[in-house]
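A.B. asks: Following the hints, position chain S against chain R.
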Amino acid sequence: MNIDIVQHSPALILAVPLLFAFLTPLVDRISEKGRDALFFLGLIIMAFFVAIMAYEVYTVGEWSYVFGGGTVTPTGADSSFFRILFVADGVSAMASITLTISAIGAAIYSYTFMKDETGLNKFNTLFFLMVAGVNGMVLTGDLFNLFVWFEVASVSSAALIAFKTYEGKAVEAALKYMIISVIGGLFFLLSIGFLYGQYGVLNYQLLAENITGTNLDKIALTILVVVLALKAGAVPLHFIIPDAYSMAPGSVTAVLVVASQAGLWVLFRVVFTLYGVAVNTLTIGWIVIVLGILSMFIGVTMALVQKTVKRLMAYHAISQTGYMLLGVGVGLAVLGKPEMGLYGRTAMEGGVFHIINHAMYKGLLFLTAGAIIFKTGIRKLDDLGGLGHSMKWTMGFFIIGALAIAGIPPFNGFASKLMIYKSVYRFNPLLSIIAMVVSILTLASFVKVFHSIFMGPKDEDIYDTGDVPKPMLAGMTILAAFVILFSLFPGAVVSNIVEPAVEALGVI
Amino acid sequence: MNWEAILMTMPYMTVVILFMIGLFTVLFKKNLIKIIMGIAIMQNAANLFLVSLAYRRGEHAPVFTSAESTEMVMPTAHALTLTSIVIGLATTALLLSFVIMIKKHYGSINTDDVRRCKE
Chain R
3 MNIDIVQHSP ALILAVPLLF AFLTPLVDRI SEKGRDALFF LGLIIMAFFV AIMAYEVYTV
63 GEWSYVFGGG TVTPTGADSS FFRILFVADG VSAMASITLT ISAIGAAIYS YTFMKDETGL
123 NKFNTLFFLM VAGVNGMVLT GDLFNLFVWF EVASVSSAAL IAFKTYEGKA VEAALKYMII
183 SVIGGLFFLL SIGFLYGQYG VLNYQLLAEN ITGTNLDKIA LTILVVVLAL KAGAVPLHFI
243 IPDAYSMAPG SVTAVLVVAS QAGLWVLFRV VFTLYGVAVN TLTIGWIVIV LGILSMFIGV
303 TMALVQKTVK RLMAYHAISQ TGYMLLGVGV GLAVLGKPEM GLYGRTAMEG GVFHIINHAM
363 YKGLLFLTAG AIIFKTGIRK LDDLGGLGHS MKWTMGFFII GALAIAGIPP FNGFASKLMI
423 YKSVYRFNPL LSIIAMVVSI LTLASFVKVF HSIFMGPKDE DIYDTGDVPK PMLAGMTILA
483 AFVILFSLFP GAVVSNIVEP AVEALGVI
Chain S
218 MNWEAILMTM PYMTVVILFM IGLFTVLFKK NLIKIIMGIA IMQNAANLFL VSLAYRRGEH
278 APVFTSAEST EMVMPTAHAL TLTSIVIGLA TTALLLSFVI MIKKHYGSIN TDDVRRCKE
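From first to last, the protein sequence lines stand for chains R and S.
In this text, residue positions in the first sequence follow the numbering used here: the first is 3, and each later residue adds one.
In this text, residue positions in the second sequence follow the numbering used here: the first is 218, and each later residue adds one.
Looking at chain S on its own, in the form it has when it is part of the complex:
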């Protein structure tokens, strides 16, 4: 058994499991808050995926003070992850504020009750 290879794929396994949990929640739950929780889990899965891609075993982290040489890991993916976390915060806040207004107007946050657009 090549334990090292299995260990190296663990982050990606976690990404797949988290993403599937999130997708399942979005598709099969009726409570709007739970759907948004599912989206948040998917966002975290995507962030973990980007960070895992950027990891290089045995290389220097892209922090200038701790590097001994000029050779460092390319920090693009880290920058992407930070941006994506900020975007995730904004979208989650907006979604939750929509749910507050839905509750005010419809008196319910069950998706079965929130379908008046087609009328």
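Isolated chain R, as found in the complex:
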């Protein structure tokens, strides 16, 4: 028996969480400690395979994993061209790394955060299924598997949002999320039908070779962009995000942020790899830029008027998604033109770098918000106050996250935003100025939140003294450590992780 683990790592990244998803409820019947141990063990084994795959991608290069063996031949002479394919490249490696870090942080945090809930074996199952679904969305090499993993991620995310079924609002948010996701998925299926009916293939690589930009292709592209922007939570399809993020348990929200980003990754794959220069990239690029600018501005202005802490942060998540769309949209607008080398590539790197930064600091902020609600049971900003006296560690993590999201040097949010500002300025100065104004509004909003939660006199009535339990602090520490790591070495992250991802999208 000689199994090449490196070669099989893309499949194992999915197989491990799927196995543990259905193993944990069985072990739960024997012992609860064993179930918790398996929960972490499963994620650690998955992290191991993600590390192997990423190392191979960064040192040797990308490869396609064919289920059932064989290799892919572009001409389709080999029968494997309609087999199930996984693509291990810069995009899937970066997305899997992002997911793994926030999933492990959220899992450790959940250990005490979810302790008082019932039905934790189902929580573990759903958590593993969501992780598998999101990984599947970024790893898959054909459109139909993308639809399947999209639905796996949607179903498990919706069930996790509604995990506290005793709160009516959580079920309401999950119902909205599910209805919108299902309808989005159906439109997605229709556009897959349009492409399959014309070309008879579903594989990204083979479709990309065949697509010529017929009217039907353009209709399919429009549907795909709309559905994936919806999944990513961009304005004007953002309305499910604030409900879902604010009502889900805190640890789930941190992973939901990454689940939304999977929609963004797939959007980039579709517009760059699948369509590329077959359609007018300037038009599509401007559509993405306008979506980004609207998301940034509407997200932050809606955040300023919010009264509950998690809802406010959810609107900021929409606003930050705008930066990613702006950076990559500028790259798309100049795709295949000489401006690409001048500033388009930097803009794309900034947008893609912002994805991993956002997953870290936004996850951290949602975990701190969860800690505040865990300790006090209060969601409204007006009713909170004076927590800085007792929750010193949580306050420290909140400051790290807030400075990073506002783009204050030397934090990682600044590194990626600076790349976006300076490159977008050369494309169109107005867009860059809007991005900076949004950043200032973000800072203003977080100063307000910080003041109303942590400052003020000590109020003994609303909380008992002391910080949240240690596992929750440990979960936040993991994400905060990565925020600081990316802040200290932005250059190393860009050249080792971000550049391969941009190159995998087909940008030279």
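No wet-lab data here; the hints were simulated from the structure.
A few of these clues could be false.
Pulled from the structure, derived: some chain R residues nowhere near chain S, Cβ distances all over 12 Å [what the hints assert, rightly or not]:
1) Ala-13
2) Ala-23
3) Val-68
4) Glu-119
5) Ala-176
6) Leu-239
7) Ala-246
8) Asn-282
9) Pro-340
10) Gly-388
Calculated pairs, EDC-like style, for lysine to aspartate or glutamate (alpha carbon to alpha carbon, straight line, at most 20 Å) [stated by the list, open to error]:
11) Lys-171(R) with Asp-330(S)
12) Lys-171(R) with Asp-329(S)
13) Lys-335(S) with Glu-169(R)
14) Lys-321(S) with Glu-169(R)
Here a beta-carbon is modelled for each residue, glycine too, at the ideal position from N, C-alpha and C.
C.D. replies: Relative to the frame of chain R, chain S by itself:
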């Protein structure tokens, strides 16, 4: 009149009509159960679309026992449809269970009453 061409487009016409009925129900009905029924109709429209795409007139169905030669219709779209039916079952079941819990908490399944998240 080219009746054969009209007949060949009938499945696609049905897909469009079914999809529109489903979309109309989702957009304009206030009852959550009716909205889920609309989604189910849209799911069936999408399945019918995939099956119609896979149909090749006069070719062999991709069933090994009934084929006389090795030339068969490519079964990819059929596989997609089966998967999509299973996914449709899972999503409909989850949506309906959410509606049961909504009814417990809110005492109503009218969308006008189910909007407390913004408070």
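A.B. asks: If a hint holds in the structure, say so; if it doesn't, say that too.
C.D. replies: Structure-based check of each hint:
1. Ala-13: holds, 18 Å
2. Ala-23: Label holds. Min Cβ-Cβ 14 Å, cutoff 12 Å.
3. Val-68: It holds; Val-68(R) is separated from chain S by about 15 Å at its closest Cβ, greater than 12 Å.
4. Glu-119: holds, 16 Å
5. Ala-176: violated, 6 Å
6. Leu-239: holds, 15 Å
7. Ala-246: violated, 9 Å
8. Asn-282: holds, 27 Å
9. Pro-340: holds, 41 Å
10. Gly-388: holds, 25 Å
11. Lys-171(R) with Asp-330(S): Roughly 12 Å between the alpha carbons, so the hint for Lys-171(R) and Asp-330(S) holds.
12. Lys-171(R) with Asp-329(S): Holds, at about 14 Å.
13. Lys-335(S) with Glu-169(R): holds, 14 Å
14. Lys-321(S) with Glu-169(R): holds, 11 Å
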